[in-house]
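As you go down the protein sequences, you meet chains A and B in turn. Going by my numbering, the first residue of the first sequence is number 1, and it counts up by one from there. Going by my numbering, the first residue of the second sequence is number 1, and it counts up by one from there.
Because the hints were derived from the structure by calculation, they are not lab data. Where hints are given, some of them may not hold.
Derived contacts from chain A toward chain B, CB cut-off under 8 angstroms, selection only [claimed, not checked]:
| no. | residue |
| --- | --- |
| 1 | Gly5 |
| 2 | Lys7 |
| 3 | Asn8 |
| 4 | Ile13 |
| 5 | Ile17 |
| 6 | Pro131 |
| 7 | Asp169 |
| 8 | Ala318 |
| 9 | Lys459 |
| 10 | Ala463 |
| 11 | Ile466 |
Cβ coordinates follow ideal geometry from the N, Cα and C atoms, glycine included.
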Amino acid sequence: MILHGVKNVTRNITRSISIILILSVSIGLALIMLLSYRAINEKISNIKSSIGNTITINPAGSQGFEGGGNPITETQINEIKNLPNIVQITETLLATITPGSENNLTSPIKAGKLGKRFASFQNQSFYNNNPNFSPSVPIVVTGISNTSIITGEGISLTSGNLFNPSSNDNVAIIGKNLASNNNLTTGDTFTLYNTKITVSGVINMGTRFANDGMYMPILTLQNLSGQQNDISAATITVNSITNVNSVISQINSKLGSNNVDITSSQTTVSNAIAPLESIKNISLYSLIGSLIAGSVIILLIMIMTVRERKKEIGVLKAIGASNFLITIEFVSESLTLTIIGAILGIFIGILLANPVLSTLVNTSASTPIQSSFQGTGVSTRGINPGGPLIPSGGGGVFNIGRRASRFISSITGAGEQKILSTFKDIHAIINLNILLYGILSALIITMLGSVIPVLLISKVSPAEIIRGE
Amino acid sequence: MIKVDNITKKFKSGDNTVIALDSVSFSINKGDFASIIGKSGSGKTTLLALLGALEKPTEGSIIVNDEDITKMPESKLIKYRREKIGFVFQQYNLIPNLTALENVILPMEFAGVKTQDRIKRAKDLLNKVGIDSTKQKRKPSRLSGGEQQRVSIARALGNKPSLILADEPTGNLDSTTGKNIITLLDKLSKSDNTTIIIVTHDLNMTKYTDITFKITDGKLRLDKKKPDIGILS
């Protein structure tokens with residue numbers, strides 16, 4: 001009966017071709033939407049697990065050196081490091097050193113108007129009385145527990161090697177401006193806190209500000225600066241953006257919301273990926289809609305065919321065919337039409353999946369991303385997509401507290417820029433699975449479209465057919 | 001042997017009940033060639049449908065080879081129709097997109113006869129009813145009415161049924177072709193010892209059959225019986 005069903009396709013060639021063309025468009029659209037859905041879903045998952053999933057902890061009431069209260073301690077970090085969904089904790093300690101006998105380095109940048117202004121915040125009357133006095137600009141030293149902070153896109157180690165961030169070795173990687181200003185190269189030594197420090201590498205961080213400073217293992221800086229156990233800020237990487245809130249709440253519960261200020265870029269990044277979520281939903285609804293449309297086509301065709309061949313069904317029953325056999329014949333016919341439609345649909349899907357996905361992403365996502373990106377009002381100069389706590393933006397070392405808050409902003413900025421670039425990088429994955437999806441679509445369409453016709457077939461009475469003669 | 005015992009068939013027509021068959025009883029021996037004559041609407045096609053197990057009577061029983069087909073479940077009825085009954089229709093009712101040969105093969109396919117066996121038997125049957133190998137490959141639309149009815153008879157014989165039911169088998173044919181068809185049925189009846197029941201409104205057909213029943217307003221009576229009838233010429 002299967003062969004009879006297949007052969008029935010040739011009964012009315014014009015109608016069969018029309019049905020196949022309609023089905024191919026329906027299945028092609030379903031495949032395009034399925035591939036788009038999968039591509040976007042995968043991209044969202046990647047974004048959620050790599051961007052916007054960071055939490056920054058600062059001492060309550062203080063950011064960097066600005067404000068009051070007490071620093072975060074290693075003891076506090078130890079309390080939270082084993083919380084669920086936390087992937088990594090990166091600790092930083094900031095210190096400023098003043099060029100002098102303890103520190104035989106000179107700052108590569110002059111104070112200028114900004115430096116004077118910031119310095120005047122600390123001693124207003126002195127600068128009022130000595131308007132021409134040019135202060136010495138301190139040098140920022142950043143202790144880090146993870147080298148991911150000084151690696152990544154836009155950052156390059158121009159010479160030397162990275163140090164072991166968990167060691168207490170007296171080593172530092174120095175910004176290229178600081179290195180050239182002090183004639184330092186890899187392997188040279190300088191004095192910091194009266195201690196001989198070896199230059200393990202020279203780095204180009206991408207911004208003037210960051211290249212004016214240096215980086216060393218956090219333990220070394222804690223020891224040298226007398227800030228044992230202290231941390232300026234900690235950045236916590238969570239396994240997914242969706243778990244950020246629960247981790248924040250657990251940290252608050254462990255450390256107390258009065259003891260730490262916790263910020264995250266979750267909301268901003270969530271807003272930025274909202275267009276993708278919308279496209280994902282559109283794809284899903286279109287996928288379901290295409291399958292339903294295909295099923296309705298098959299349903300109507302089969303109903304029409306069963307009505308047309310009612311007499312034939314009655315005759316088949318009279319000469320010994322069961323409902324099951326007749327159903328097989330009709331389903332084989334519709335399945336043949338659907339599979340041919342699916343084969344054409346697969347070609348349509350392969351050809352148009354990426355152009356349609358690209359159009360969907362470009363038209364639906366560009367405006368919201370731009371507004372979200374601008375809405376933060378954050379400078380993204382010198383951002384480090386790979387590692388968050390890199391000094392950036394203006395303000396100078398006198399205002400390191402404000403700059404600390406910019407660290408967080410730079411994370412957000414980095415996330416958005418990364419999302420912006422990643423939006424352009426969404427591609428439907430076309431592989432052999434598309435054949436599977438195509439055939440699966442055909443089966444779903446045929447099954448859904450066959451339910452009512454099968455009932456109609458079972459209701460045909462051969463006696464009525466004979467009587468009708 | 002077929003024994004019909006006091007069957008009644010009622011239909012609902014709006015608020016009314018129509019009695020299509022009213023306490024019909026008769027019996028036919030194996031190998032008999034019987035005709036049921038009656039006017040349009042007299043109930044003869046309903047009787048044929050009941051004998052062919054296409055529907056069930058409201059009352060009464062139909063015993064075919066010691067089995068009451070009115071009490072059979074649907075699954076057994078399908079088997080009964082497939083293996084014990086052969087239908088011949090007034091309008092032939094061949095499947096239009098199948099060749100003559102494929103049409104004859106169809107009931108054997110339902111019965112699960114092996115492919116080679118069913119092809120051989122179908123060809124033999126078609127040859128027997130006078131459809132040559134060239135015409136066997138033709139679709140019904142390329143056969144004459146008489147040829148189509150011959151194919152229909154070959155199809156009815158596919159599974160070697162014990163009973164052939166023919167509904168106005170000559171109704172769409174001219175008198176000569178009709179006579180040929182009825183002669184063919186008679187030959188088959190005698191050669192294969194197959195019971196054949198035809199329903200017709202054509203009184204001329206009754207002269208070829210062994211037994212004739214007349215049905216009027218759902219009531220059946222024996223019209224005539226020709227115990228000595230031989231092969232018709």
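Results of checking the hints against the structure:
no.	hint	verdict
1	Gly5	11 angstroms, violated
2	Lys7	6 angstroms, holds
3	Asn8	6 angstroms, holds
4	Ile13	12 angstroms, violated
5	Ile17	17 angstroms, violated
6	Pro131	104 angstroms, violated
7	Asp169	85 angstroms, violated
8	Ala318	5 angstroms, holds
9	Lys459	13 angstroms, violated
10	Ala463	4 angstroms, holds
11	Ile466	6 angstroms, holds
Violated hints, in rising order: 1, 4, 5, 6, 7 and 9; the structure is consistent with all others.
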